[in-house]
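Quick note, the sequences are listed as chains R and P, same order. Per the numbering used here, the first sequence starts with residue 5, numbered consecutively. Per the numbering used here, the second sequence starts with residue 4, numbered consecutively.
It is possible that some hints are incorrect.
[Claimed, not checked] Simulated crosslink set (SDA-like; lysine to any residue; CA at most 25 Å straight-line): (1) 176/R to 20/P; (2) 225/P to 252/R; (3) 142/P to 258/R; (4) 252/R to 140/P; (5) 117/R to 34/R; (6) 165/R to 220/P.
[Stated by the list, open to error] Computed footprint of chain R on chain P; a stretch qualifies when at least three of its residues, placed anywhere within it, have a C-beta under 8 Å from a C-beta of chain R: (7) 59–66; (8) 163–170.
[Stated by the list, open to error] Anything over 10 Å on all C-beta distances counts as not near chain P; from chain R, calculated: (9) 95; (10) 212; (11) 217.
What the hints contain is simulated information worked out from the structure, not anything from laboratory work. All C-beta atoms, glycine included, are put in the ideal place defined by N, C-alpha and C.
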Amino acid sequence: MAYNCVVLIKQVPDTKRITGQAMNEDGTVNRAALPAIFNPEDLNALEMALQIKDTCGGKVTAVAMGLPAASDVLREALFRGADDAVLVTDRRCAASDTLATSYILSCAVKKLKADIVLCGRQAIDGDTAQVGPQLAEKLGITQITYVEEIKELKDDEISVKRNTGNGWQQVKTKLPVLLTVIDEANTPRVAGAKMLMKNKKARTPAELEGDAGKIKELEQKGLLIKQWDLDFLEADMQWCGRDGSPTKVHRIQSVVLAAKGTKQIEATQDGLNDMIHELIVDHTIG
Amino acid sequence: MIKVNKKGEVWVFAEQHRGKLEDTSLELLSRGSILAKQLGVKFAAVLLGDNNVKPLCDKLIHFGADKVYLAQHPLLEHYQTNSYNKVIYDLIHKYEPQIVLFGATPTGRDLAPRLASAVKAGLTADCTDLQIGSHEIKKTGEKYDNLLMQIRPAFGGNIIATIINYDRWPQMATVREGVMPMPEANGTRKGEIINETVHINQLDLPIEIIAEHIQAKKVNLKASRVIVAGGAGVGSKDNFKLVYDLANCLGGAPGATRAAVDLGFIDRDHQIGQTGTTVRPSLYIAVGISGAIQHQSGMSDSQKIIAINNDPDAPIFNVAHYKIVGDLNAIIPMMIKAIKEKV
Ligand SMILES: Cc1cc2nc3c(=O)[nH]c(=O)nc-3n(C[C@H](O)[C@H](O)[C@H](O)COP(=O)(O)OP(=O)(O)OC[C@H]3O[C@@H](n4cnc5c(N)ncnc54)[C@H](O)[C@@H]3O)c2cc1C
Ligand SMILES: Nc1ncnc2c1ncn2[C@@H]1O[C@H](COP(=O)(O)O)[C@@H](O)[C@H]1O
Chain R
5 MAYNCVVLIK
15 QVPDTKRITG
25 QAMNEDGTVN
35 RAALPAIFNP
45 EDLNALEMAL
55 QIKDTCGGKV
65 TAVAMGLPAA
75 SDVLREALFR
85 GADDAVLVTD
95 RRCAASDTLA
105 TSYILSCAVK
115 KLKADIVLCG
125 RQAIDGDTAQ
135 VGPQLAEKLG
145 ITQITYVEEI
155 KELKDDEISV
165 KRNTGNGWQQ
175 VKTKLPVLLT
185 VIDEANTPRV
195 AGAKMLMKNK
205 KARTPAELEG
215 DAGKIKELEQ
225 KGLLIKQWDL
235 DFLEADMQWC
245 GRDGSPTKVH
255 RIQSVVLAAK
265 GTKQIEATQD
275 GLNDMIHELI
285 VDHTIG
Chain P
4 MIKVNKKGEV
14 WVFAEQHRGK
24 LEDTSLELLS
34 RGSILAKQLG
44 VKFAAVLLGD
54 NNVKPLCDKL
64 IHFGADKVYL
74 AQHPLLEHYQ
84 TNSYNKVIYD
94 LIHKYEPQIV
104 LFGATPTGRD
114 LAPRLASAVK
124 AGLTADCTDL
134 QIGSHEIKKT
144 GEKYDNLLMQ
154 IRPAFGGNII
164 ATIINYDRWP
174 QMATVREGVM
184 PMPEANGTRK
194 GEIINETVHI
204 NQLDLPIEII
214 AEHIQAKKVN
224 LKASRVIVAG
234 GAGVGSKDNF
244 KLVYDLANCL
254 GGAPGATRAA
264 VDLGFIDRDH
274 QIGQTGTTVR
284 PSLYIAVGIS
294 GAIQHQSGMS
304 DSQKIIAINN
314 DPDAPIFNVA
324 HYKIVGDLNA
334 IIPMMIKAIK
344 EKV
């Protein structure tokens with residue numbers, strides 16, 4: 005049986021490479037100074053979907069919600085083997101927290117009629133791991149979090165191994181299902197040369213800045229990446245953007261590394277003896 | 004959607020597996036009871052399980068709960084997202100608590116978002132601190148008092164964000180394991196146990212658990228007074244022996260950075276930091292660790308920190324009380340010698 009898989013992918017700032025310039029004076033993050041990347045665990049989710057397609061047949065659609073720049077990760081998904089890509093973008097999505105994000109994504113996924121929805125466990129910018137379970141709730145389907153391996157997929161039944169933090173569990177359920185995938189699950193394939201050549205020129209309408217001629221041309225070549233806004237999704241505005249987001253930011257502080265009155269110890273036997281002596285005297289050890 | 008109400012209680016989800024309460028739930032009881040006191044409301048634990056979990060109620064009360072809402076049903080024996088979600092969803096709508104807290108355990112992080120989505124409430128993941136405070140919207144001058152300040156690192160630990168929700172309740176948060184101190188039990192504390200009738204059936208269990216394997220953690224970092232943690236600078240799995248030796252002679256536990264784990268020097272159970280365990284020992288010795296923010300966020304609350312690194316500018320020295328610049332291969336043996344002679 006062939007399966008219709010939808011993978012949710014997010015473009016995130018590379019938080020591993022945050023340097024001084026990436027922080028504004030007021031403690032907020034200067035996103036412009038950070039390279040934007042494909043959220044790492046979403047690559048594992050994509051790989052899992054591609055493996056399902058390889059063994060069972062079917063289709064893989066990648067969906068990203070974000071600014072037009074997120075078209076980059078959608079193209080990357082196409083290079084790696086996704087059949088279709090959708091950018092959900094709309095100024096009214098701004099300031100969405102995970103609840104609003106999952107609502108908006110649910111409107112998009114409903115249009116795609118997925119058998120299996122795959123998310124990364126968590127995105128490295130917010131590290132919340134909330135969007136997957138919230139999306140499953142909004143779709144009214146079963147969720148399985150921390151998936152490490154698909155053990156069996158047959159007809160409308162799936163059996164997976166999930167990491168429970170202190171071991172593992174093998175569970176079985178009926179489709180449709182939403183899986184959140186962890187980085188131990190697989191090694192994502194790299195872009196294939198053929199897919200790269202084929203999709204190199206794929207663009208979203210937003211990237212073409214509304215140039216109707218260009219849009220038409222790419223559409224005819226099958227290179228127009230789908231772009232959906234909230235009107236197209238028939239989203240209820242009360243659940244989107246700032247209005248749909250119960251959580252608000254009260255304050256942001258950049259992490260100031262507390263200077264602790266560091267004492268330098270000579271790397272000699274005497275220096276170390278003195279330090280150990282001090283630690284015994286103040287009852288830290290002994 | 005639940006409206007803001009100042010009389011709502013403070014709740015903690017008392018996570019149990021096979022009749023054993025999770026440490027994180029107990030850690031949350033101390034902070035939860037403080038928050039409830041500040042707000043002048045009752046503090047309750049919510050306990051779900053099969054018909055054998057009742058004895059845990061006393062423990063929850065001894066650790067700080069005024070009340071326990073007890074939901075027992077044979078189908079609640081094993082945690083499942085949908086069944087647990089449904090029972091707590093009903094309880095939240097029945098009692099309208101103002102705050103509901105969960106441990107950021109794998110179970111808490113599976114359940115809380117599903118529940119928050121169903122209740123249409125805000126949820127903040129992985130908090131490292133919770134306080135009561137007020138918020139003012141500068142533009143309008145509107146002021147909200149007695150809100151839950153949900154404090155958490157974000158952007159890979161580079162910023163600390165304080166999140167609030169003031170227009171819809173409950174205020175929900177998951178709290179990281181190990182960031183709140185474990186309270187002392189008080190065996191004389193009394194509280195109320197409220198038995199709840201549970202309405203679930205087989206349809207609320209869409210998942211079948213086929214097999215399960217529990218691996219005891221290889222190390223209990225949170226309980227260790229002394230931790231000696233090694234990083235990529237230790238160089239090899241063999242050389243990690245130095246870390247074990249130093250830990251052993253101090254009666255401590257070996258820890259590691261993610262880089263050391265990824266390099267295969269030591270098992271993942273030993274990882275300290277944002278994606279590992281959060282620790283606050285009396286003494287933390289960091290050897291061959293650069294001090295990335297993701298590592299620091301899991302250890303910077305240690306009472307005393309010794310850092311050994313051959314790079315005098317390594318960021319780990321910013322949080323160290325004792326700075327030792329040099330080659331760990333020479334320094335650790337000298338340190339062991341010093342300890343053996345003195346202790
Ligand atoms: C989302 C995310 C989550 C993360 N979570 C964690 C986490 O939970 N925990 C964690 O630790 N990391 C985490 N990291 C990784 C983190 O960013 C760092 O990469 C990691 O902590 C670096 O480990 P290290 O200090 O061992 O290695 P390095 O940065 O390579 O540092 C090695 C140090 O050893 C010193 N050294 C080398 N040789 C010697 C010698 N002979 N004697 C003395 N010193 C020597 C070097 O000067 C250097 O400072 C995370 C990263 C991301 C993006
Ligand atoms: N804006 C988004 N667009 C597409 N997918 C998303 C978005 N935000 C979150 N996700 C998905 O939800 C997962 C968890 O994200 P988070 O809750 O932000 O940690 C990610 O790994 C993605 O699969």
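Status of the hints after comparison with the structure:
1. 176/R to 20/P: Holds - the C-alpha atoms of residue 20/P and residue 176/R are around 20 Å apart, at most 25 Å.
2. 225/P to 252/R: 32 Å, violated
3. 142/P to 258/R: Satisfied, since the Cα-Cα distance of roughly 24 Å is no more than 25 Å.
4. 252/R to 140/P: 11 Å, holds
5. 117/R to 34/R: Status violated; Cα separation ~37 Å.
6. 165/R to 220/P: It holds: about 19 Å lies between the C-alpha atoms, which stays within 25 Å.
7. 59–66: Per the Cβ count (0), the hint is violated.
8. 163–170: With 8 residues close enough to chain R, the hint holds.
9. 95: 20 Å, holds
10. 212: It holds; residue 212/R is separated from chain P by about 32 Å at its closest Cβ, greater than 10 Å.
11. 217: Non-interface label on residue 217/R holds, nearest chain P Cβ at 41 Å vs cutoff 10 Å.
When held up to the earlier numbered hints, the structure conflicts with 2, 5, 7 and fits the remainder.
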